[in-house]
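Need the complex rebuilt from these two chains, each delivered in its own frame; the hints are there to steer you.
Residues per chain are reported as follows:
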Amino acid sequence: MSTLDRIRSDFPILQRQVHGEPLAYLDSTASSQKPRQVLEAMDAYYRHTHANVHRGVHTLSEEATAAYEQARLRIARFINAASPKQVIYTRNATESLNLVAYSWGRANLKPGDEVLITEMEHHSNIVPWQLICQITGATLRFVPITAQGELDFPALDQLLNERTRVFAFTAMSNVLGAINPTAELVAKAHAVGAIAVVDGAQSVPHLHSDVQALDVDFLAFSGHKMLGPTGIGILYGKRALLEAMPPFLGGGDMIREVKMTGSRWNELPYKFEAGTPAIAEAIGLAAAVEYLDQLGMDWVAQHEREITAYAWNRLHEIEGLRVLGPGPERRGGLLSFVLGDLHPHDIAAVLDGAGVAVRAGHHCAQPIHDHFGIPATTRASFYIYNTHAEVDRLIAALHKAKALFEF
Amino acid sequence: MDDLYRENILDHYRYPRHKGHLDAPDIHYHDVNPFCGDEITMEVQLEGDRISAVAFDGKGCAISQASASMLSEAILGMTLDEVKALDKEFILEMLGIPIGPVRLKCALLALKTLKAGAWGVEEWPE
Ligand SMILES: Cc1ncc(COP(=O)(O)O)c(C=O)c1O
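Quick mapping for you: the protein sequence lines, in order, are chains A and B.
496 is the number that my numbering gives the last residue of the first sequence; the numbers go up by one with no jumps.
173 is the number that my numbering gives the last residue of the second sequence; the numbers go up by one with no jumps.
Everything labelled a hint here was simulated from the structure, so no lab data went into it.
Glycine included, every Cβ here is placed at the ideal spot set by N, Cα and C.
Among the clues, some could well be false.
Simulated coverage check for chain A against chain B, where a stretch passes if three residues somewhere in it have a Cβ under 8 angstroms from a Cβ of chain B [claimed, not checked]:
1) 434 to 440
2) 450 to 464
Computed spacing ranges between beta-carbons, pair by pair [unchecked claim]:
3) A/A492 x B/P145: 48 to 54 angstroms
4) B/R61 x A/G339: 55 to 61 angstroms
5) A/M386 x B/F137: 53 to 59 angstroms
Same shape as in the complex, but just chain B (with noise of 0.2 angstroms):
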């Protein structure tokens, strides 16, 4: 559990990055987990093909809310084929956290969210 909650997810579900809205997103997705009710909405804004401006917004568990967060800062200056290479490896690495089975889609949800956005992709990310 200690390693569950490390602080730096405790740091961005407190204080999250990006989080609100954009008033004019290229890129505008809602999604859910519905197996436990998180939501994130996912809003990105781009110049050319380079994400120039992200924003998140949600709620839900600390993993969910902290992946979106982290996600967010990530991906700000990324070209869209490099988002659409991002995978589950990426979060899990980008998290640093042991995740079990049922959490994964918690810490997926946003980059779920976000491909989806995109691409119209709604699988979980593998």
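So that you can see chain A by itself, here it is in the shape it has in the complex (with noise of 0.2 angstroms):
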């Protein structure tokens, strides 16, 4: 068996038809699936383990307390933090996000300070960073982006300066492709004085991600775009300033000591995870990092480029097909385009027809469409299991698609 039909026996959901056709899942930019490996981790812990973890001194609390902080150690390794107290769970890259502009944010900023994005981030690394300026006094300022689709660089010298406090992009844009060269960017924002906030929700899953060889003050990424569960997500954080930042929310497991005139924090990480948190599905991701771990990472982000740059050259057979971001090699394993007038929920839909999902909208990232003048774009998305018979069909219900509407 070759390893992509071996991969491909791993996921249940890839044998399901979707209008009587066998499913061609091309949407794991929006979210992944998940191999039985990780269904099986978090179905195990269900039926032997389950208890609240930190809390009882029963031996399923034990149990559960120690396969919740191996699973916290596991995907430290993963991503090669100093050390778990530096991996935060959350719920998804959203939240980890919104803890460190909150947290960190109404700590460190105040009015003359500025904050720099780019134009090409989603809208979990614009808003929260929005809200907390209104609330600080600092000025928000973006990056913008080329017609290539990728970060204007000359742009972004002049636009990091000593009053920027933060530098927030995204390592890999999940509408344009785009692979920012994430090690560069960090010194930049550092050669400033500036903390770097990565955004790695689409890099984490397709690429190797050396926290320390990459410098980065923090990293958000979400379990369920990399063969994790929903409902879990990560921050990783510099030590010395996860130990300065205040809570994020309150609750119980945060707190050392409370009394009715205040409390003191937990230590790392358990100051940021208020209240019982998600336990299988930590376990669930820490199945996905080790089906991940045992691929490894240049095996995916290989078969990502291969097939990426396969769909590149069938795409563009299709007269009228304009494809956004940068050539494939140095892109991610997403392509959005747009075909002449058609309308991307047009496409989706007779694209579902033919079993094949893919996403049509503005992908949460509204200012890249405003930049390039369009309301939506429709994305195909390649993961490990995706195969060229996959692209295949993708370019004939494109054909079909092209039939149907143009006129």
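Rendered as structure tokens:
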């Protein structure tokens, strides 16, 4: 069996049919599918181990706590964090970014300070900064993107200055596919004394990510885009920064001592983990990370590069089709495109009829679409389980849509 | 899918009826579906209480545009009271296709826009 066949046999959902056709799932950028190893890890946890964590001295609670903390260690190793204390469980990348914006931002930003983000951000790396700038009086600025859909580096160098306190950017755009040079951008931020906050929602599932080599101050990502379940995300942070930050949410687990007059915070990472966490989901994410590690992130990246290059070439056979963003050598495994005057919803509906699942809309990144003057795009995205045959079905269905709507 | 894009839908999408603008509309309203960016403008001229001319303009998917075109045909000659009574069921019957929860708003945008223009009701038709 080829590696690809073996991978596909691990994903039960890939066996299902949609409108009588086998499912071709080309929407992993929005959320990936889950291998049985992840489903089984969560199922086994609920069948044999479940109890609340950190709270009981009975056997189940101790086992659940051990599994939950073991998962944290596994995830910390995956991104090469120096310590699992720097790996904070959240609900998703969005919550991770909000945590940084609110906890770090409220304590550190003041009028006159600047927060720099980019025009290619997902709304989850825009709106929290807009909110925190409103609260603190700091100024929000945007690095523009070029006609090719990449960061405008000369403009970035102009915008970064001694007033910049935060540079928050995505390591990979979920619309343009552009892979940003994270280490270089982090160094630029540090050179002006700013912290670098990296949205890794698209990069961590697809590219080897070493937080120490990249020297990021914060890295946010979601479990559900990397074979894990929904409801679990990660915020990695540098220890000194996390130690100095006030909590984000208050409640159980995040305190050391509660008095009527006030409370003292728990140590890292618990200071940022109020309330009963997503235990099974953390265990599921660790199983996902294990799965990716066994494949090797080099294999993952290579497979995606290859299938993306193939899809790029085949898409360009279609007259009137335009892909947004850089060429296949500088992008991750996703292609957002416009096809003549066809509305992305109509395209996606025709594709769905052929069993091909793609995303249509603005993909939570309106500024990019405004930049290109288009309301919406259709996006096909690839992960470890996608095949050339699925790309061929995408192309065939696009020809069908074109025949139906063009006149 | 073949159900969704029946010939009558494609026909109204390709050859929209009443597309354009009226010189002196009594009711004129523009709305967008924030979900997908579809846009519709509905214009109506009255003679007494009865609709004597209709026009729509817009950009969007086949469902939203065909729905606006078909609605424009349907309301010509109706009284405002009759228009007020139109609901989600009416639109679904008019389109005659199975519509899932995500595309429902595309289908209802024209009626919502019309009702907002006539009575200031901003709710999605039920
Ligand atoms: C680049 C990027 N950032 C952030 C997010 C937000 O992820 P989540 O919705 O899981 O919080 C996404 C998800 O689409 C994304 O693509």
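What are the numbers of the hints that this structure violates, sorted from low to high? 3
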